[in-house]
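Enquirer: Protein sequences, first through last, are from chains V and L. For the first sequence, this note's numbering gives the first residue as 1, with consecutive numbering after it. For the second sequence, this note's numbering gives the first residue as 147, with consecutive numbering after it.
The hints are simulated quantities; they were obtained by calculation from the structure and are not laboratory data. Quick caveat: nothing in here was measured; it's all calculated off a predicted structure. Idealized CB from N, CA, C, for every residue including glycine. Fair warning: there could be bad hints in the mix.
What the hints assert, rightly or not - Heads up, simulated DSS-like pairs for lysine-lysine below, C-alpha to C-alpha not over 25 Å straight-line:
1. V:K24 x L:K171
2. L:K299 x L:K251
3. L:K285 x L:K299
4. V:K33 x V:K44
5. V:K24 x L:K181
6. V:K33 x L:K181
7. L:K229 x V:K24
8. L:K229 x L:K299
9. L:K251 x L:K181
10. L:K299 x L:K289
11. L:K229 x L:K181
12. L:K229 x L:K285
13. L:K171 x V:K33
14. L:K289 x L:K229
15. L:K181 x L:K171
What the hints assert, rightly or not - Short, incomplete list of chain V residues facing chain L, as computed with Cβ under 10 Å:
16. E5
17. D10
18. G14
19. S20
20. L26
21. F32
Residues per chain, in single letters:
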Amino acid sequence: MSVWERQYRDAVAGIHSPGSLDEKILQQARRFKRPKGTNRWLSKAASSCAAVAVIVLLAHPAQYLGALTPDLRPAGGAQQSPQANWRHKRVPTEAADPWFDLRSQVRAGSFVELCSQWRRQQSGSTPDTLPRDLEDRARAHCRLLP
Amino acid sequence: MSRKNFQHLNDEALLDYYHSTRNLKAFRLLYTRHKDSLYRYCAQMNFAGTASALEELWNNLLEHPPQLRGRLLRSWLFIRVNKLLRNCAGQYPDTPQQVPDPGNKLLAGIQQLSRVERNILLLHMECQLPLATVADIEKISLKKCREHYRRGKERLEEILQGPQRQPWRIKGLGEVSA
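Looking at chain V on its own, in the form it has when it is part of the complex:
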């Protein structure tokens, strides 16, 4: 700042805008009202609705029906868990299946027992009949004896 400007600043330091003029202009400014904040409120409502929807979707119990609520299913009903079905089918127990021994022999390739049972059934000397699948295999493998 040059000497001139400093002198000038000192000279005008005491000159301020008169209060009456300020008051008049601020009075005019007061006439302009703040615009209504509807947009802001609208966006707030919209965003909170979206947040609630997301939370409901994430926490909805229907997602976890299979995983978390086993006790609510009808016990022993038609709908059993796939895991239980699989275990049942693959590993038949001796107690559950009366034809377990015979079946395992057939699976191993030995048809002697099967054929003798089959023949006994044909001659009517045994009361219990073979189940359908064993019957099919016997018909295919056993020789017809006179």
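Given the coordinates of chain V, work out where chain L should sit on it, guided by the hints.
Expert: Same frame as chain V, now just chain L:
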């Protein structure tokens, strides 16, 4: 943005903020930043028309947000008030005798300059506008504007401190007397 921390905003951002929210405090801040400088400039250019010019200026700013087009708000204000003062000049003839502070020699000296020189000097010193902007306002070239500014300062110096010493004359007088 919170309603309270607009203190740090610059003029242009504050103006935008005011026009989007019509926050009276924001306007008051903007007004206090510029009111004194504007008043001093107007009072020294045309004392009689000051109040009406300033009222019209701020009214315009309140009603329609100014199209700054990359300029500073400060430049816009002074360009605008300069135009308004020119319009006022017909209504209130420029009377150099009426100064805000008649006791001050410097201010009285400024009043004795021609209108163009006074305008350029004040715009540059009081309003701190660059000379290029001042040249645009006066619609003259930058070179001419600088010339006016220099001459105005010289004349002001002459008014305040009398004519410059002319040592060759004194020397000549001395030779003559001897």
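Enquirer: So, for every hint listed, does it hold in this structure?
Expert: Checked hints:
| no. | hint | verdict |
| --- | --- | --- |
| 1 | V:K24 x L:K171 | holds, 16 Å |
| 2 | L:K299 x L:K251 | holds, 14 Å |
| 3 | L:K285 x L:K299 | holds, 20 Å |
| 4 | V:K33 x V:K44 | holds, 22 Å |
| 5 | V:K24 x L:K181 | holds, 13 Å |
| 6 | V:K33 x L:K181 | holds, 22 Å |
| 7 | L:K229 x V:K24 | holds, 21 Å |
| 8 | L:K229 x L:K299 | holds, 24 Å |
| 9 | L:K251 x L:K181 | holds, 24 Å |
| 10 | L:K299 x L:K289 | holds, 16 Å |
| 11 | L:K229 x L:K181 | holds, 17 Å |
| 12 | L:K229 x L:K285 | holds, 12 Å |
| 13 | L:K171 x V:K33 | holds, 12 Å |
| 14 | L:K289 x L:K229 | holds, 22 Å |
| 15 | L:K181 x L:K171 | holds, 15 Å |
| 16 | E5 | holds, 6 Å |
| 17 | D10 | holds, 8 Å |
| 18 | G14 | holds, 7 Å |
| 19 | S20 | holds, 9 Å |
| 20 | L26 | holds, 7 Å |
| 21 | F32 | holds, 5 Å |
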